[in-house]
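Residue strings, one per chain:
Number of protein chains: 2
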Amino acid sequence: MERVPVLKIGDILLVSIQIDMEDQVALQLQEDLAERIVATGVHGVIIDISALDIVDSFVGRTLAAIASVSRVLDAETVVVGMRPAVAITLVELGLSLPGIRTALNVELGIAMLGSRETVDVLGDEGETDPAVLTRE
Amino acid sequence: MERVPVLKIGDILLVSIQIDMEDQVALQLQEDLAERIVATGVHGVIIDISALDIVDSFVGRTLAAIASVSRVLDAETVVVGMRPAVAITLVELGLSLPGIRTALNVELGIAMLGSRETVDVLGDEGETDPAVLTRE
Chain A
1 MERVPVLKIG DILLVSIQID MEDQVALQLQ EDLAERIVAT GVHGVIIDIS ALDIVDSFVG
61 RTLAAIASVS RVLDAETVVV GMRPAVAITL VELGLSLPGI RTALNVELGI AMLGSRETVD
121 VLGDEGETDP AVLTRE
Chain B
1 MERVPVLKIG DILLVSIQID MEDQVALQLQ EDLAERIVAT GVHGVIIDIS ALDIVDSFVG
61 RTLAAIASVS RVLDAETVVV GMRPAVAITL VELGLSLPGI RTALNVELGI AMLGSRETVD
121 VLGDEGETDP AVLTRE
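Listed in order, the protein sequences are those of chains A and B. Position 134 (the first sequence) corresponds to 134 in the UniProt record's numbering; numbering is contiguous. Position 88 (the second sequence) corresponds to 88 in the UniProt record's numbering; numbering is contiguous.
So that you can see chain A by itself, here it is in the shape it has in the complex (with noise of 0.2 Å):
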């Protein structure tokens, strides 16, 4: 089965949507999210749909899921990338994503999350950790 990646960066995780969203990666993003959200502690997630041609109501559930479950796990969920074309649809369509906040871009994403807790744990990582630096 396809699995979407779920990728920690900082005090964030980012999942970028590629593959067609089908019950069962549906759910499983919803669970190892969850999972990945207790494991890190995080307080961010950022899910970026810029590569879905389409997001229809299956797709706005399931966001809106991820972004219910995340928020009892006390993480905010901002979805980015939004093409102005599924924008214009999902009005059409009359689904609104209740619940969901967005932004333009990622960048915008993780200041949206930055302004409630600092990201910069980034830049210090790269030159604090001596472990990474030897690999240079």
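There may be inaccurate statements among the hints.
[Unchecked claim] Pairwise CB distance ranges, derived in the manner of DEER restraints: (1) B:A87 <-> A:K8: 19 to 25 Å; (2) B:P84 <-> A:L93: 41 to 47 Å; (3) A:P84 <-> B:Q24: 23 to 29 Å; (4) A:V38 <-> B:I100: 31 to 37 Å; (5) B:V91 <-> A:L93: 46 to 52 Å; (6) A:R61 <-> B:G99: 41 to 47 Å.
Keep in mind the hints are simulated off the structure, nothing from the lab. Note that the Cβ used here is the ideal one computed from N, Cα and C, for glycine as well.
Once you've looked at the hints, dock chain B against the given chain A.
What follows is chain B alone, placed relative to chain A:
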């Protein structure tokens, strides 16, 4: 045609490969990446292959080509997230991914690139960009 999204995060471009790397997809990715490197002026590219079960010689050549093109454009490439089984198969096939640097995960990849160029752009942006803060 399917397309692999290229995400910009601070001073790096992040690509998470999840779909089969057929000829057209690979060429398109190479082109997209080169264009984004020039447009954004980043100095690092991270390619996450944690979703790949198999890395055959074609994918290996594609990664090498991406790394070479990036290098010419003054950006370093790090491949991250390789599964243990993939590493074993690669060596068995006699493919050693020459010219490609690797790291275990995205964070270590960022740190590896960060030791050359600071990446704390991220932490700063979240706190200083008023356009983003007002979206709260």
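Now for the hints, and whether the structure bears them out:
About 20 Å separates the C-beta atoms of A87 of chain B and K8 of chain A, a value consistent with the hinted range of 19 to 25 Å. At roughly 43 Å, the beta-carbon separation of P84 of chain B and L93 of chain A lies within the given 41 to 47 Å, and the hint holds. Remark: the range hint 23 to 29 Å for P84 of chain A to Q24 of chain B is upheld by a beta-carbon distance near 24 Å. Separation of V38 of chain A from I100 of chain B is about 33 Å and conforms to the stated range, judged on CB atoms against 31 to 37 Å.
Between V91 of chain B and L93 of chain A the C-beta distance comes to about 49 Å, which sits within the given range of 46 to 52 Å. Remark: the range hint 41 to 47 Å for R61 of chain A to G99 of chain B is upheld by a beta-carbon distance near 45 Å.
Hint compliance for this structure: no hint is broken.
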